[in-house]
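Chains as they are written, first to last, in this note's numbering: chain A, 1 to 370; chain B, 1 to 370; chain C, 1 to 370; chain D, 1 to 370.
In short, the hints are calculated from the structure, not lab data.
A couple of the hints might just be wrong.
[Stated by the list, open to error] Only pairs whose alpha carbons sit at most 20 Å apart, straight line, appear in this in silico EDC-like list of lysine to aspartate or glutamate: (1) Lys86(D) - Glu66(A); (2) Lys271(A) - Asp316(B); (3) Lys321(A) - Glu275(B); (4) Lys155(A) - Asp174(A); (5) Lys146(D) - Glu43(D); (6) Lys155(A) - Glu43(A).
All values derive from a computational prediction rather than experimental measurement.
Number of protein chains: 4
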Amino acid sequence: MSINSYGHLFRVTTWGESHGPALGATVDGCPPGVALTAPMIQEWLDKRRPGQNKMTTQRQEPDAVEILSGVFEDTTTGTPIQLMIKNTDQRSKDYGDIANTFRPGHADITYHQKYGLRDYRGGGRSSARETASRVAAGGVARAAIKSLAPNVEIKGYMVQMGEKHIDRARFDWDAIDGNDFWCPDAGVVTEWTDYINWLRKDDHNSVGAMIEVVARNVPAGIGAPVYGKLDTDLSAAMMSINAVKGVEIGEGMAAASLTGRANADEIFMGKDGPEYSSNHAGGILGGISTGQDIVVRFAVKPTSSILSPRASIRMDGTPTKVITKGRHDPCVGIRAVPVGEAMMAAVILDHILLDRGQTGGVRGQIGPQT
Amino acid sequence: MSINSYGHLFRVTTWGESHGPALGATVDGCPPGVALTAPMIQEWLDKRRPGQNKMTTQRQEPDAVEILSGVFEDTTTGTPIQLMIKNTDQRSKDYGDIANTFRPGHADITYHQKYGLRDYRGGGRSSARETASRVAAGGVARAAIKSLAPNVEIKGYMVQMGEKHIDRARFDWDAIDGNDFWCPDAGVVTEWTDYINWLRKDDHNSVGAMIEVVARNVPAGIGAPVYGKLDTDLSAAMMSINAVKGVEIGEGMAAASLTGRANADEIFMGKDGPEYSSNHAGGILGGISTGQDIVVRFAVKPTSSILSPRASIRMDGTPTKVITKGRHDPCVGIRAVPVGEAMMAAVILDHILLDRGQTGGVRGQIGPQT
Amino acid sequence: MSINSYGHLFRVTTWGESHGPALGATVDGCPPGVALTAPMIQEWLDKRRPGQNKMTTQRQEPDAVEILSGVFEDTTTGTPIQLMIKNTDQRSKDYGDIANTFRPGHADITYHQKYGLRDYRGGGRSSARETASRVAAGGVARAAIKSLAPNVEIKGYMVQMGEKHIDRARFDWDAIDGNDFWCPDAGVVTEWTDYINWLRKDDHNSVGAMIEVVARNVPAGIGAPVYGKLDTDLSAAMMSINAVKGVEIGEGMAAASLTGRANADEIFMGKDGPEYSSNHAGGILGGISTGQDIVVRFAVKPTSSILSPRASIRMDGTPTKVITKGRHDPCVGIRAVPVGEAMMAAVILDHILLDRGQTGGVRGQIGPQT
Amino acid sequence: MSINSYGHLFRVTTWGESHGPALGATVDGCPPGVALTAPMIQEWLDKRRPGQNKMTTQRQEPDAVEILSGVFEDTTTGTPIQLMIKNTDQRSKDYGDIANTFRPGHADITYHQKYGLRDYRGGGRSSARETASRVAAGGVARAAIKSLAPNVEIKGYMVQMGEKHIDRARFDWDAIDGNDFWCPDAGVVTEWTDYINWLRKDDHNSVGAMIEVVARNVPAGIGAPVYGKLDTDLSAAMMSINAVKGVEIGEGMAAASLTGRANADEIFMGKDGPEYSSNHAGGILGGISTGQDIVVRFAVKPTSSILSPRASIRMDGTPTKVITKGRHDPCVGIRAVPVGEAMMAAVILDHILLDRGQTGGVRGQIGPQT
């Protein structure tokens, strides 16, 4: 049991601190024979990278991934894949009072209370930088899915920033990659941009966000009741991301308001199998996929790293005021989009493997080719 | 890896189907030396039992728990505790078309798609009856918590039924046990009672609910980042309960709407340790407990087992209409209250054990008593 | 992580004490669609049962297994299988000094030292009676293997009792079931019978044994390096059996004495695949099966429960002499034969599942049969 | 579940291939507050390093370990520790026929049969080079043991090489570090040296070995029955090492030959607790430590990489002869000594943690120092 790992058969262990020499992911359980190169993973890391767009922190790091093991001649061998990302922008600086002060809303205080000590440089292990490891591992998951279930598509996007919501009537799948918010409603982009600039420059504030991740064309029958349900694993996967405070599937929290008749997804026979009148279930029944779109949403809280002073204490219990200077995103939810996609990919692959095993029964042939 | 298990060190495996001979929970990892008897567990099972109040299904079963192992002279020995509940109300009946028909909103269809066969009697393994096993295991967790962290209190209650919400201004901890809804606002009970009776008798419908579970006096420093965070594990625990579609911690989904200043829990030094100006975090920072109340909410969808006909198909693909007759709760959320409490207890105990181990270093003495 | 469980995907948790109400096994991960009935499991339990032959303890229990879950219409459903064996021969008796005395060579003293208390009745959880749970679970494994890899044969037998060895030149597979020792050399049976009778009646002593278990026709390619190697898992499986002190694969401990030339298994191409000049490897290379016979041996120590007095102490540290009266086998190794077979079956199935998954990709069809 | 990991709470995942860019170990579950530096780990790696003495392969690599995470200011933080060893001696060479030929006694053929492809350079993942990762992780375990149970001493040594045994009467603990065989009997060193030189140069052969590892001063009460027994875990740990074919505890395989009276370890009360007349049990009863020396032995087969030709086949099934040229140890057992020590350290620490948890309940203080 590794507490820094997730997944049943596709097992990922992330390691590394914000300001240590490197961070990465140890990926065990990837099937053999999957085409995999560093650039294939880099593509997803680049999407998450700070400094990628104007909305996110100014920390400039290439976040270049290296594959140290498990891949031979651009093909996975079925052995552990070690992914390493060197930390190159560890600014040498005076950490001043940070080592002895607890930032409100940060894990500073609880790490201290649990472990009796902490790596205070940039949040150490509790830094959002840990999510780079997840995105790298998600890149491996995507490559394996491409090999095993090529029709599956996974896509995340932002549906709410603070009190500003998208208009679902203008939802456009193709708009997502065209703006800095990964927002499917191009009509809100200007307003959101103005708002986030004001937050950072004038209000010295931050804001929360709601992310939705969808997996299309996942075959029916994936998921493992009762404690490895697809929704259970997705919920844990998303809630484990820094700053996430809530997760919902399909109708989600709104299901509490509905009646049974309103919530029913009626079933019809289509030409390729069962079809449904609606998707309140979010593509999952009894923890197993129905074949419909799998729909997950999660809420990201506003970062507590803001330029406005807040009351706190030092390790010795004396009071202080904390202002968080430096490179911080006004809306960390933006970068949570590729992270949510990566976690979705890992969970989907994991459940495909539970059903078909690591090798799927394929074996190397010996003897004359037939 | 057992897919029917939860917990890291306090490891519970539930087993059994709705209409098989029995169901139960295999509980491994309970520390030795904990006072435990069947009546201590029965107390919690009685709270969940169908037929317990007028709001829930009329299925009448005593749900009497037997302890088959792991307890000697009313004390746990540190070995696996087997809890068994016999199914006594397996009405012999004609299952008619059920074996060949998929009920909309049920796991019938996905179990068939995954396994190629299913125990169709009463939903088999996917029945809400599985939650009796959780409540029994939760009784063991409560007993162990009582021994290791006696100040901890765990309490669940309903805060919303359909579109009807409690008035938080009237929140009364002591009201919870005084009504059939485990509702902390006595002022809504009459209205809710009328509504649910109308739903069942006249509208032939069901309704969703929102449950909140709170753990008080959990010591600071409990939780295991990054993939065994307290909130991650609570999220998985609640999402694994039948019919749950969303889970949130503290501010939850509403955190998406807030700014960093609004969401800040400022820190002050109290006489017994750090105190906070508010609890937006729900008692958890970086996956570790702060010492504040741990607050979880989850949404329970309306049951799809209603007397109103809905479109569906048979195994051969032909269309049909389904009406679910028989013993069904109009609001399954009511019975989810003790289940949510049980899952909270299991998660809290599990994390206490991760920190202090199974025996906590206590050892039997040999030699003259000193 | 359950410490009372074994297996990666075929996950067995045993529970129960020697003199509690019942004991059994919770079996998770058995594939769906396997034919399984209680009599199919009972067959193997009967082989292990005390009182089955003259050589073993006189404790008379039917050891009747009940299937409480996971099987519907004599077919596994893919959900947890609960196997229960009631303890019927819990003689009510005066345990006298046993509760306060440590028997030399027993786990009495270490359970006390670890847990601070113990169920002293018949050894509690540390009793060899726990192995009945393994044999029951092994019955499930055998049924699943029969379904997935029908050519596999698993057979255990005794090759040494004390200083008496079989003559390998007289090895006869068919002789094994024909004597009370599961011995493949019929020529030693009379001598062994006389010896064990003398041990029990005259010498008040016990004796160790060596068991060999072979799995034939296991397909090549099974096993999961590096820490789930087939030999690693077999080693753990056998060493976890009560009284086992050593485990070896193929050439085993004797490999230390050999040179590389002597130990080489040369490879030739046969008509159905690779063939080998010998099987020093015991059917495993790099933790993966070669397709040859998988050969495991394990040593069972002589039981310390003998009628001869040995020095010991009481809980208060005062000296005492211990004589173990009652029902005890002079050679517990005999009953270890079916236990070893059961563990072999569980490991083999587990690794087949790691390769092909729980459902192997098979899915239930919906729509007109084609 | 990661198949490339071992340990319950002290969880080590090894990664890397013989000729890839690097290999290493991801170590999760090390308690916080342990003094740890790279040189502390390097000390043990140097002991294992090829080229360290004349007896082992001439491959010359510094095997310099880097700590990439989990350590801050030379102290563990309780987060994952990433250990990396770069491969510096990856001779660029023509692998010739190796990619298409299976070496007898190697995992070449089974990796191919399982995965359908393999990294054939130097054995890839199946290379003994993987054990460097174990030794590095063992260095972390030793550091943590030093902090939690400072009296524990762990020592391995060779007791047999081929048919040559040490004389137990000359056993000298202090002689072990004084010769190239880690042999406790200085009297055999000259003979063994001559023998191994002859094997390599003249006989073009290799030879097996028997290694013994002892842990002294392990407190009584460590171990977790029934499937996490100390002997079970030690057995798996040792059997997972390349080329190991058998493992035994205490009396081991010889226990099969003994009677109950001969095998009895009688108990007496000493001034610091129970004492025993002998240690046939090898320090473990019922899977739990007695406080006596824990004694494990394992047999290492002779390497199949020898200069003598052996029959084999190519991937296309055609026959060939294989001679293994290059850098290979005539007795790989020598280098297994530090590997066995490392595995012993990991298992002992793991079980200490199961009893006392990751933090042992220690918490960081906030407020005025008292």
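Here's how the hints hold up against the structure:
Of the supplied pair hints, the one linking Lys86(D) and Glu66(A) holds, its CA atoms being roughly 13 Å apart against a limit of 20 Å. Distance check on the hinted pair: Lys271(A) and Asp316(B) sit about 13 Å apart at the alpha-carbon level, within 20 Å; holds. A distance of roughly 15 Å separates the Cα atoms of Lys321(A) and Glu275(B); the hinted pair therefore holds under the 20 Å criterion. Note on Lys155(A) and Asp174(A): the hinted pairing holds, with a Cα-Cα distance of about 11 Å set against a maximum of 20 Å.
Of the supplied pair hints, the one linking Lys146(D) and Glu43(D) holds, its CA atoms being roughly 15 Å apart against a limit of 20 Å. About 14 Å separates the Cα atoms of Lys155(A) and Glu43(A), which keeps this hinted pair within 20 Å; it holds.
Hint violations for this structure: none, all hints satisfied.
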